[in-house]
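Asker: Chain residues, written in single-letter form:
Protein chains: 2
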Amino acid sequence: MYSDPTSVTHITIIGAGPIGAGWAAHFLARGYDVNAYIHDPKERESFDAILDTAWISLTALGLAKGATLDRLSVTSDLSFAIQDTGFIQESAPERIELKQALYKELGEIVPKDVVIASSTSGLTMSDIQQNCATPERCVIGHPFNPPYLLPLVEIVGGKKTSPDVVAWAGQFYKAAGKSPLIMKKEIPGFVATRLQEALWREALHMVANGEATPADIDNALMNGPAPRMAVQGQCMAFHVACGEGGMATNLDQFGPALKLPWTRLIAPDLTKELRDRMVDGCNAIAGTETFENMAAKRDAQIVAVLRAIRDTN
Amino acid sequence: MYSDPTSVTHITIIGAGPIGAGWAAHFLARGYDVNAYIHDPKERESFDAILDTAWISLTALGLAKGATLDRLSVTSDLSFAIQDTGFIQESAPERIELKQALYKELGEIVPKDVVIASSTSGLTMSDIQQNCATPERCVIGHPFNPPYLLPLVEIVGGKKTSPDVVAWAGQFYKAAGKSPLIMKKEIPGFVATRLQEALWREALHMVANGEATPADIDNALMNGPAPRMAVQGQCMAFHVACGEGGMATNLDQFGPALKLPWTRLIAPDLTKELRDRMVDGCNAIAGTETFENMAAKRDAQIVAVLRAIRDTN
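Chains A and B are the protein sequences, given in the same order.
Everything in the first sequence is counted per my numbering, starting at 51 for the first residue and increasing by one.
Everything in the second sequence is counted per my numbering, starting at 51 for the first residue and increasing by one.
You may find that some hints are simply not true.
Same chains, same names: a pair is fine if it fits in one copy or spans any two.
Cut-off 30 Å, straight-line C-alpha distance, at most; resulting in silico cross-link-like pairs (DSSO-like, lysine-lysine) [to be verified]:
(1) LYS234 to LYS309
(2) LYS309 to LYS235
(3) LYS309 to LYS209
(4) LYS347 to LYS224
(5) LYS210 to LYS309
(6) LYS235 to LYS322
(7) LYS209 to LYS234
(8) LYS92 to LYS347
(9) LYS224 to LYS309
(10) LYS322 to LYS162
(11) LYS309 to LYS92
Rather than coming from a laboratory, the hints here were simulated on the basis of the structure.
Quick caveat, the model's predicted, so the values are computed rather than measured.
Pulled out of the complex, with its shape left as it was, chain A reads as follows:
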């Protein structure tokens, strides 16, 4: 029923803010035809400015064959914006009444084999799709700011979303040059924002208590965990840092440290089940790669990242 995710050539963008414009830039850079719906023609100027800014970076990263800004058309006529579309990325304002009304309309005018994805960061698809006559093809595809640069797209359906559409979205975003993360459950903040938000709240506590300044927080992140986290997530960072013993050593040896007051966030109980999920998960990521190779690759990539930052300073 749904088309081959790799056969999509026409994209519709709804919303002219930084997220909508960022998406438009990304899809244009990947060689798609893009129809952008702008609610108020006055937004055109800032939309174009974001596009021009994004294009500098996207060009530096490498454009797809045939990619050009000339393949963009902008309109304030929604029915025109959806013509011939193969996929809709909606980034309208974050107001539930507005989104519900929009999905009601889209549900009627967009062919029902076209997937509609929302960039929402604060709403759930179960709520958004409530008044939509074709809710099964509506899904969340949540980017990370700036959306034209960071590869992550978190994908999750609402109660009425078809599992086929969730899978389709994963394949589509991957074909479109993104790094999809298909979520297991509809949870507030998705995965990446929850992690960032925990860190952010701890930072606010420290500033509130006079333990650190904003400059300290940023210094700590940029010169501490971040360059490593860019090349190795926190799970694999601990896995590889513990040598041959990996995550099992980390949890069995340092598990008691989870009870220490090293943050205001109380850790979960380190049950056998949680331990095994962490260990098995890291072993699955590592595959047959040796500890030595993983550590060497980590170092080579951190060196490359540090040099890249230094050379652009």
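We have chain A; now place chain B onto it with these hints.
Answerer: Frame of chain A, contents of chain B only:
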């Protein structure tokens, strides 16, 4: 009383584990003479292996003039290891009785104008220095793993540490090519580890609840916030993402979102005082730089980081 921090030429390393060996590699790469104290000669093999591994990355980052592994001497005689030393970096095992006994001995045999810094991540200097006859020159200098690559060193004194020594350590580490962070208070986990730990505990909660797998966590970090966080800390990331309005817009507009269940960590009350500290702190970092320039620099650096990672994959 203490020497000029930039005049130090001889370093003593105590401890042959990954942290001690990592420090030895770093100081050698910066052109210092290094005396390494290894408690058990059997540790020599793994010490050398870490040094060799680290040297590959340090060479790629650029060695200081005259830097060579030949300027290392290794001994299991503590009194020999401290001869002619200008600075001691202690990375002994994390057991309080062991550290207290070590600092008692060092307090007696090391000239009292030599600063002694501990790499401890889990103990406080107030506890470590308890039996030391010269506690005023003892301070924590906590690196981030791997210590030969990541620039951060968190510096904090104990109750009996002289403020002059804390300041001296900041100047010394900077001269030695590190990025010092002088802490305002002695708090468990310092700054960077607290931030990382908050993130880590949220990750464990998600895995425990079946909301994400370790692969999801790492995917979310590496393709989401981390490449940006490596070039812009979380405070400035929000400041710049909000455009001209900066952190004030972020807190005034999205402050209520701190009450949302976007992580298990309860946020502090967003008092006027906290708001102003955040806003003033970000404005101080930004200085006279325009929003456009900061956003453009962020993008250029993220592009460079993404290309660096891609090219080393």
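Asker: None of the hints should be skipped; say for each whether it holds.
Answerer: Structure-based check of each hint:
no. : hint             : in the structure
1   : LYS234 to LYS309 : both (28 Å within a copy, 24 Å between copies)
2   : LYS309 to LYS235 : both (27 Å within a copy, 21 Å between copies)
3   : LYS309 to LYS209 : between (37 Å within a copy, 25 Å between copies)
4   : LYS347 to LYS224 : both (24 Å within a copy, 27 Å between copies)
5   : LYS210 to LYS309 : between (40 Å within a copy, 28 Å between copies)
6   : LYS235 to LYS322 : within (22 Å within a copy, 36 Å between copies)
7   : LYS209 to LYS234 : within (12 Å within a copy, 48 Å between copies)
8   : LYS92 to LYS347  : between (49 Å within a copy, 28 Å between copies)
9   : LYS224 to LYS309 : neither (39 Å within a copy, 34 Å between copies)
10  : LYS322 to LYS162 : neither (46 Å within a copy, 50 Å between copies)
11  : LYS309 to LYS92  : neither (54 Å within a copy, 34 Å between copies)
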